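**Q** Produce the complete structure using the sequences and hints provided.
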Amino acid sequence: MDPVVDNGTGAAPGAPMAAPSASLFKRVNASIRKHTARYLNLASAVTLLAVASILFLCVALWDIDWLRPILATAGAGLAAFLGPIPGIISPEARSKWLVTIFVSALIAAGTWFATQDLANRLEASEAQRLALNARLDANNGATTALLQKLSNEAKDDVFLKAANVLHELQLGHKYQSVLDLAQSMLRSRPENGTALAYVGYAYRGLQNMPEAKKALQTYISTVEELKNRAHDGALDESHDGAGPVCYTRVGGLCAERGAWVEHLLAGISLRYAWQSTGHERITAFNEALNHEIEGAGYNWSGKRKGFDVEDEEPLSSCAILQAIVDGLSAMGSSTGETVQKAKSLRASMKCG
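With the sequence shown counted from 1, adding 1 to any position gets you the working numbering.
Calculated from the structure, these hints are not laboratory results.
What you are looking at is a predicted structure, and each value in this text was computed from that prediction instead of being measured.
Check the hints yourself; a few may be wrong.
What the hints assert, rightly or not - Cut-off 30 Å, straight-line C-alpha distance, at most; resulting in silico cross-link-like pairs (DSSO-like, lysine-lysine):
| # | residue 1 | residue 2 |
| --- | --- | --- |
| 1 | Lys306 | Lys342 |
| 2 | Lys342 | Lys214 |
| 3 | Lys162 | Lys215 |
| 4 | Lys215 | Lys342 |
| 5 | Lys27 | Lys215 |
| 6 | Lys214 | Lys162 |
| 7 | Lys156 | Lys228 |
| 8 | Lys175 | Lys156 |
| 9 | Lys214 | Lys351 |
| 10 | Lys228 | Lys215 |
| 11 | Lys351 | Lys306 |
| 12 | Lys215 | Lys175 |
| 13 | Lys214 | Lys228 |
| 14 | Lys27 | Lys156 |
| 15 | Lys175 | Lys214 |
| 16 | Lys228 | Lys306 |
| 17 | Lys215 | Lys156 |
| 18 | Lys175 | Lys162 |
Unchecked claim - Have a look at the derived ranges for each label pair, beta carbon to beta carbon:
| # | residue 1 | residue 2 | range |
| --- | --- | --- | --- |
| 19 | Ala128 | Val166 | 41 to 51 Å |
| 20 | Ala128 | Arg188 | 23 to 33 Å |
| 21 | Arg130 | Val29 | 19 to 29 Å |
Beta carbons are placed, not taken as given, at the ideal position from N, Cα and C, and that holds for glycine.
**A** This is the structure:
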C-alpha cells in the first residue's frame, strides 16, 4: 500500500480543496462577528453599507428637482429589498428572494406614483401662483393707468375714498390688499401721506419690519420735504389736526398720523435693541428715544403727547420709554443723557 503523502492542506489527498473565495468569505465573516459581539455578519455589514450609500446618494442629489421622484422610488425600493437579506440569505431560504423582490417592486411602484403625483401637484401650484401674480400685476397696472387718466378733481375724490378703504382693509388684517392699493396710489402720487403711511402699516402687519421701517421713514422724510417746500404762512398740515382729519385731506397728512408713525418706528427700534448687543443695542435704544421725542413734537388738539396700548402697537409710549431706561441701566448707563431724556419725557407724559 502506498504511503500517505501530506499535500500541505491538512486534508487527505483525495479530499476536495476549499475554494479560495469561500475561505475568504468565512474569514471576513468570522472577523465581523468577532468585532461586533456576533450582532452582525458579513451580509449584515454589506447591507448596512449599501443602505447608507443609497441614503448618502439621495441626500447629495436631492436638490435636483427632476431627480427627486427617481431617487425616492429607487431608494425606497432598494432599501426594502436590501433590508431582509441578512435574515434570508441561507440555502434553505433563498426561495424567499422572489417574494422579497416582488414586494420591493410594489413598494417602489407605490412610491413612484406618490412622489410623481406630489411633483405634479407642486408644478401645478407653482404655475397657478405665477398666473395669479401675473394677473395681480396686470390689475395693479390697470388701476394705476386709470388713476393717471383721471382729472385732478376726480383723482382727489378717488384718493379720499381710497383712504377709508385702506383703513377698513388694515383693520381687517388684509395687509397684502392694503399694499396693492397703496402702491398703486403712490405710482400716481408719490407724496401722498395716506398711501405712504399705509404701506408701512401693512408691512408691519406682515411682520416685515425692515420694509415697514423703510416705508415709515419715507413718510417722515416726505413730510420734512413738503414742510421745507411750503411757502411762508402756509398751513403745515403734517403738524396740524387729529387722526380723523387725515381722512378728509387729499394729501393724507395730519399731526396725529405723524406722531403715530414716529411711535411705530420707536417700537421697531426698541425690538431691534432687544435682539442686539453692545454698541448696536445702545444705538437702537437711542433711535427709539429720538422717535418718541419727535413724536411728542406733533401736538394735536385734545391729545396728550404719548400713545396708549393699541391693537397695531401693543407697546405704549410710556412702556417704550421705560424699556429704554431699564435697558440702558442694565448696561451700566443709568445716569447717561439718553436715560435722563427718557425719564424727562415720561414725566411730561404723566406716565404712572
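**Q** Broken hints, numbered, in rising order?
**A** Numbers 5, 14, 19 and 21 - these are the hints that the structure violates, sorted from lowest upward.
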